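Given only the sequences and the hints, what does the whole structure look like? Please build it.
The listed protein sequences derive, respectively, from chains A and B.
Residue numbers for the first sequence follow full-length UniProt numbering, so the first one is 1 and each next one is one higher.
Residue numbers for the second sequence follow full-length UniProt numbering, so the first one is 1 and each next one is one higher.
Treat the hints with care, since some could be wrong.
Same chains, same label: a pair holds when it works inside one copy or across any pair of copies.
In silico SDA-like pairs for lysine to any residue, Cα to Cα no more than 20 Å straight-line [stated by the list, open to error]: (1) K334 <-> M298; (2) K209 <-> D40; (3) K274 <-> E119; (4) K275 <-> D193; (5) K275 <-> L201; (6) K275 <-> V115.
Since the hints were made in silico from the structure, they are not lab data.
Source: prediction; values computed, not measured.
Number of protein chains: 2
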Amino acid sequence: MATQRILDFINTRRPNGPCMVLDLEVVRENFHNFEMALPDSKIFYAVKANPAPEILRLLASLGSNFDTASVAEVEMALDAGASADRISFGNTIKKERDIARAFELGIRLFAVDCVEEVEKVARAAPGARVFCRVLTDGAGAEWPLSRKFGCVPAMAVDVLRAAQKLGLESYGVSFHVGSQQTDLAAWDRALGDAKQVFDALAKEGITLKMVNMGGGFPTRYLKDVPTAQAYGQAIFQSLSKHFGNRLPETIIEPGRGMVGNAGVIKAEVVLVSKKADNDNVRWVYLDIGKFGGLAETMDEAIRYQITTPRDGDRSEPCVLAGPTCDSADVMYEKNPYPLPISLTIGDEVLIEGTGAYTTTYSAVAFNGFEPLRSYVI
Amino acid sequence: MATQRILDFINTRRPNGPCMVLDLEVVRENFHNFEMALPDSKIFYAVKANPAPEILRLLASLGSNFDTASVAEVEMALDAGASADRISFGNTIKKERDIARAFELGIRLFAVDCVEEVEKVARAAPGARVFCRVLTDGAGAEWPLSRKFGCVPAMAVDVLRAAQKLGLESYGVSFHVGSQQTDLAAWDRALGDAKQVFDALAKEGITLKMVNMGGGFPTRYLKDVPTAQAYGQAIFQSLSKHFGNRLPETIIEPGRGMVGNAGVIKAEVVLVSKKADNDNVRWVYLDIGKFGGLAETMDEAIRYQITTPRDGDRSEPCVLAGPTCDSADVMYEKNPYPLPISLTIGDEVLIEGTGAYTTTYSAVAFNGFEPLRSYVI
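This is how it looks when you write it as structure tokens:
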């Protein structure tokens, strides 16, 4: 999946050490695909997926909005040229002083999932719009969501009622179907829940206007995934089914889907060895691992596609591990990874589809290794 | 466990945001305890546990040696005042150019666990000393080691024979019984394995001189752990049992045991909420989580002691989570953590025993949050 531009960059610049190289042209294409797939939805790019200034500037120039997780991300989006009305503070867990700072910077759209958070927003961002996140079950997602964010739909009604009473504008409902979600029906279930909240509040005279359908749009790792267009059609059908001809304003928050397939990590084979002379298990150690940017291999959740200079030679499964002195720094062991048996110390490999959730996850200095370098071209 | 100096620092300086505060006096005390417990062993501090320059300078001045995982850590130890002969390059996974760089800097002691690594050391660090790491089963450790490092004892014989043939000095054997190891018998089993390797090579005329007994010395989190003295006695008995009156030179590599209990993380309660009105599960969100330095809560492995201003009030278990928009950023959920029911948004809590494996694990910028700040006092 590495583009020719990325391959040329790596071959010409020969960067030393592991690095992530991301092709902005792929981001541009992804943005247009989302626009075409869901022409009536506003796109809020999830900055946390990759906050590289070049990406934010490109998306700001294309008209994207931005979903942010912290004041620092709000500032990055503003620096990239987005006006404050194009930025949402989408983290449901915020310090009151951070809400106040975002409000000062002009932000007027905040996520909440409980009355306690509504109270903070009402004090620190009077009159702002809030949307309440509802829980979804996350079935079908590769990186499941647990119950950390959101509340049950019945409680969302209470939360938004409280917001309205405290002088906020109860603006809508959000959900997230789980990252890397390949089950198109997941959106349908969540939209049905959202409609319930709309209806319950309408009976009390509170008119919600917006459904934030979150992210979850997958990037292609090893398996084929539905196209943005397939998502768009399925989502539009569900919206019509639940909301009829009174469609709400909708938002989507692609992160991985916007940048995941635009980036590639270049890594190096540091060691290939076995643990005993008569052992069948081959260990392959790279110069990047779980603490150098591949945090999403935790529990072997995300399985990246790896390209080697020896592809085509006979392959055998191996345990794939990182370079640190930490025994937890192993990417694939329970489900070993097939790689060419001819793979040799010093070989350069490409870990594909690593444009999202890599550079910022990287440990700041674990084992003395520097954070993952990033080149946006 | 926070010392009065740490409490005074936090109360006087009022640092904003989460931070780790570490008391050097505790490190000094730990160093002396290790010295007294194992007077015949050389102490090689595992720099990766916490490479703060103040810690390295103190330990260098006390006469400590240093176990390093990368060229950057070698340079930090040199900068702190350690001479090259007091530094070991203890990572078994090294790029050949990093071995060469360390050799240039004067390093003459390298870890290996396979012939492929021996070949690199022989080319890049001719004549250097090597020790071979053998696998242990890790039973009894809280942070188990998997099979990432080391080889079986029979293969260690082959590895060290190859080293000698390639002009290196086959110097000894190392093992690591697993971090936070509370089973004193674990050292005995590993020392028995080491002796086997000594004996097999002696028959071929190769005399090993050193046993590197690694780290694994625990710091106190919630459970009581044996004292350094208890470890010392048990280890000395095992050494005598296996090696008789021809005791080898020994090395220990404490990391967590040297700095873990010297540090405390100050954090803030950002939100306390439930997911449904009739829910019994309380969620407590802090301004630090798995990606902000508490990586070792992965799989709920390490359970830190948490002190709150409301201790003494009635407690109930809660799910404890971090501040990022990542659903995996949950510290304790399967095994919920008891905290006072009166705990309130804005409360400051202390996460005790966090001097090791926190600051450097911290993500460089995930969700826009800055890495964990560190104050060494």
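Hints, one by one, checked against the model:
| no. | hint | result |
| --- | --- | --- |
| 1 | K334 <-> M298 | both (12 Å within a copy, 17 Å between copies) |
| 2 | K209 <-> D40 | within (14 Å within a copy, 74 Å between copies) |
| 3 | K274 <-> E119 | between (58 Å within a copy, 15 Å between copies) |
| 4 | K275 <-> D193 | between (52 Å within a copy, 15 Å between copies) |
| 5 | K275 <-> L201 | between (63 Å within a copy, 19 Å between copies) |
| 6 | K275 <-> V115 | between (55 Å within a copy, 11 Å between copies) |
In summary, this structure violates none of the numbered hints.
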